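Number of protein chains: 2
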Amino acid sequence: MRDSGDLDKLVKVVSSALPGDQKFIALHEPRFCGNEWEYVKECLDTGWVSSVGKFVDRFEQDLAEYTGVNNAIAVVNGTAALHICLKLAGVEQNDEVLIPSFTFIATANAVSYCGAIPHFADSEMRTLGLDPFKLSNYLRDITEVKRGHCYNKITGRRIKAVVPMHTFGHPVDLDPLMEICANYHIELIEDAAESLGSYYKGQHTGNFGKLSALSFNGNKVITTGGGGAILTNDESLAKFAKHITTTAKIPHKWAFNHDQIGFNYRLPNINAALGCAQLEQLEQFLIKKRALADSYRKVITEVDCVSFMVEPEFAKSNYWLNAILLNKPDITKRDYLLEKLNDQGIMSRPAWTLMHKLPMFAEYPKMDLTIAEGLEMQLINIPSSVVLGETNE
Amino acid sequence: MRDSGDLDKLVKVVSSALPGDQKFIALHEPRFCGNEWEYVKECLDTGWVSSVGKFVDRFEQDLAEYTGVNNAIAVVNGTAALHICLKLAGVEQNDEVLIPSFTFIATANAVSYCGAIPHFADSEMRTLGLDPFKLSNYLRDITEVKRGHCYNKITGRRIKAVVPMHTFGHPVDLDPLMEICANYHIELIEDAAESLGSYYKGQHTGNFGKLSALSFNGNKVITTGGGGAILTNDESLAKFAKHITTTAKIPHKWAFNHDQIGFNYRLPNINAALGCAQLEQLEQFLIKKRALADSYRKVITEVDCVSFMVEPEFAKSNYWLNAILLNKPDITKRDYLLEKLNDQGIMSRPAWTLMHKLPMFAEYPKMDLTIAEGLEMQLINIPSSVVLGETNE
Chain A
22 MRDSGDLDKL VKVVSSALPG DQKFIALHEP RFCGNEWEYV KECLDTGWVS
72 SVGKFVDRFE QDLAEYTGVN NAIAVVNGTA ALHICLKLAG VEQNDEVLIP
122 SFTFIATANA VSYCGAIPHF ADSEMRTLGL DPFKLSNYLR DITEVKRGHC
172 YNKITGRRIK AVVPMHTFGH PVDLDPLMEI CANYHIELIE DAAESLGSYY
222 KGQHTGNFGK LSALSFNGNK VITTGGGGAI LTNDESLAKF AKHITTTAKI
272 PHKWAFNHDQ IGFNYRLPNI NAALGCAQLE QLEQFLIKKR ALADSYRKVI
322 TEVDCVSFMV EPEFAKSNYW LNAILLNKPD ITKRDYLLEK LNDQGIMSRP
372 AWTLMHKLPM FAEYPKMDLT IAEGLEMQLI NIPSSVVLGE TNE
Chain B
22 MRDSGDLDKL VKVVSSALPG DQKFIALHEP RFCGNEWEYV KECLDTGWVS
72 SVGKFVDRFE QDLAEYTGVN NAIAVVNGTA ALHICLKLAG VEQNDEVLIP
122 SFTFIATANA VSYCGAIPHF ADSEMRTLGL DPFKLSNYLR DITEVKRGHC
172 YNKITGRRIK AVVPMHTFGH PVDLDPLMEI CANYHIELIE DAAESLGSYY
222 KGQHTGNFGK LSALSFNGNK VITTGGGGAI LTNDESLAKF AKHITTTAKI
272 PHKWAFNHDQ IGFNYRLPNI NAALGCAQLE QLEQFLIKKR ALADSYRKVI
322 TEVDCVSFMV EPEFAKSNYW LNAILLNKPD ITKRDYLLEK LNDQGIMSRP
372 AWTLMHKLPM FAEYPKMDLT IAEGLEMQLI NIPSSVVLGE TNE
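For the record, the sequence lines run as chains A and B.
Taken in order, the first sequence gives residues 22 to 414; the numbers are from the numbering used here.
Taken in order, the second sequence gives residues 22 to 414; the numbers are from the numbering used here.
To be clear, the hints were calculated from the coordinates, so they are not data collected in a lab.
It should be emphasised that the depicted structure is a prediction, and the values quoted were computed from it without experimental measurement.
Among the clues, some could well be false.
For chains that are exact copies, the list does not tell them apart, and a pair is met inside one copy or across any two.
In silico DSS-like pairs for lysine-lysine, Cα to Cα no more than 25 angstroms straight-line [unchecked claim]:
(1) Lys-75 <-> Lys-62
(2) Lys-33 <-> Lys-274
(3) Lys-361 <-> Lys-30
(4) Lys-231 <-> Lys-155
(5) Lys-274 <-> Lys-378
(6) Lys-387 <-> Lys-44
(7) Lys-378 <-> Lys-337
(8) Lys-319 <-> Lys-349
(9) Lys-361 <-> Lys-274
(10) Lys-33 <-> Lys-44
(11) Lys-270 <-> Lys-361
(12) Lys-270 <-> Lys-387
(13) Lys-260 <-> Lys-231
(14) Lys-349 <-> Lys-387
(15) Lys-108 <-> Lys-167
(16) Lys-349 <-> Lys-378
(17) Lys-30 <-> Lys-44
(18) Lys-231 <-> Lys-30
(19) Lys-30 <-> Lys-274
(20) Lys-349 <-> Lys-274
Let the sequences and hints guide you as you build the complete structure.
Okay, structure coming up:
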């Protein structure tokens, strides 16, 4: 184990990329400098704050246009979006769903809401997301395809879907993943909660899955307070998504009939109003976020013991959360670094505890998770707000 | 069957109780005439729009103070609140939960989210809610209590909870229901989605159940755009409710650990801000709503073929939605009346299709539902917005 000299230098260089006049720098705070007031006030003035209203329709159209996905359905948060994506992809009780162990809890919880079993897969350093080559080898060993469905030979359960997550905005390598899905009859659902504004080979993330999920939580690139969206190019799935997220009520001038068990997942109009204003500014936000990432990259590259996460060669990333990776010999110093940064008011955090280590998921199937285990100890997120990129312009 | 004379008179008298200068009168629209804009603007100006913020805390405190229930936990909507109430009351997969067939779909859906079975009970004319005496007789016939649990002798399943719903704001008769719950070892959950501001024997609804659910949807007495709350006098259940509605994350300065499958049900701060402003005005809203109900009562009482729903003798109701009840011989005229009223721009609707008639619940257990079947055909809701009571002052 080396001494802390390099890490102290790292704290200095991170600090140098940030404005020096602030006592506390948040990890990711929202930026409201557009039409937020105007649109929200319009909701209050007209009384249209709730589940129906013009901003919900507009936000859905704007999202579809921005991402290039044909249909967007606004919902109450990213977790709800994922839940419905899985349900509409046909995930049923006791199915297995492949997800990265290195992800936020929402990915695994959404699988559980379907009564299905998360099956944990490893990540790769290049993207921080699912490793398609490792997954391919793994599936070759443990699965068999029967009558158009993929079965886990060990558990006997059907493997219905795979949910790659575009970690901190960096797209996973989707082409080989899509090939795997085609070969094994597995549905692809993109967890694009972190990747609004991120592109894979020139196309916006969320275009590749049968369905995809976005999040507009307060810490995301744009926010609606709380919110999310389901994206899909499939017209009939889009209609079904709208129906099932709005209590599955059959339209009628007065009668209340519902044709199945639905969900109350609609996004209120007042939150959609915020989303419309935020989306107008997204391109500017991305320029600033990429500028900040570039500042970080330049200074952090000078430090020996760490590397700075840059977008994969096939991607353009929104750099939602900037990430430092400690070299393997230095992982024992992670908490030292976190203490130092946070002590200086530079809010920093490790990534998530791996899903397969949490008590409720500990007994579920998993492949070798060497890379994920490393990432859990190596990675630190550092402040990434849009406003910090403005200072760097 | 009589002719439509009385009904035409009814349309006239309803119309006479409403402002004559409006082309369209909504069923229930929100009223924003307090600090809504100030509080929402504060969220935007400070950047605190999302899942943490002072308005969430304040809204929870204000709700607890207003209702007299020790703890309120703000959530994303009333359906989510009900789901968590049931879960925390111990409702498990394959349990049965007694609910009125005459209710909004959320009551039944929330039971389904727990993997449990709605078991439909009848209502009474006095309250439009569960009939405790009929329920008591029914339970005597079909249940047995073993080892401290109540079992349905016919299905073999445990009956874990009963969820009375305070229909249109009129409280059910809670004392005999509580006695039944004690005798049969059944948990009482109040679906108080419609009854904020309604009192049973001087105490606010939501104080009687082990847990209770409120809703602040756009059509309710007060609104947060979309929102709800869990109420409970049990300190440890309150803590658990907060924990499980916020992804079950264990508090830590940076680590992401979750100790169980949780939910992303928190209310965004911007919606809570709206709630705080609305709650400040609730007392005034209630005065106006009761004034409107009184105007309706006076004129509708003059019409032969109908009655106007008034609060039960033990209750003070918020009169959330005013209701006309057609006499039994006239139920075939319901749709004629709905057409007439809606044609004149007076938005009116029947209550809900009974739950046991919906395809997904059709096979579930139920008692005799004579009164509910009648109510479905007899009842019409008429415009009930706060602003209509202002005109009547």
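*For this structure, which hints from the list above don't hold up?*
6, 7 and 18
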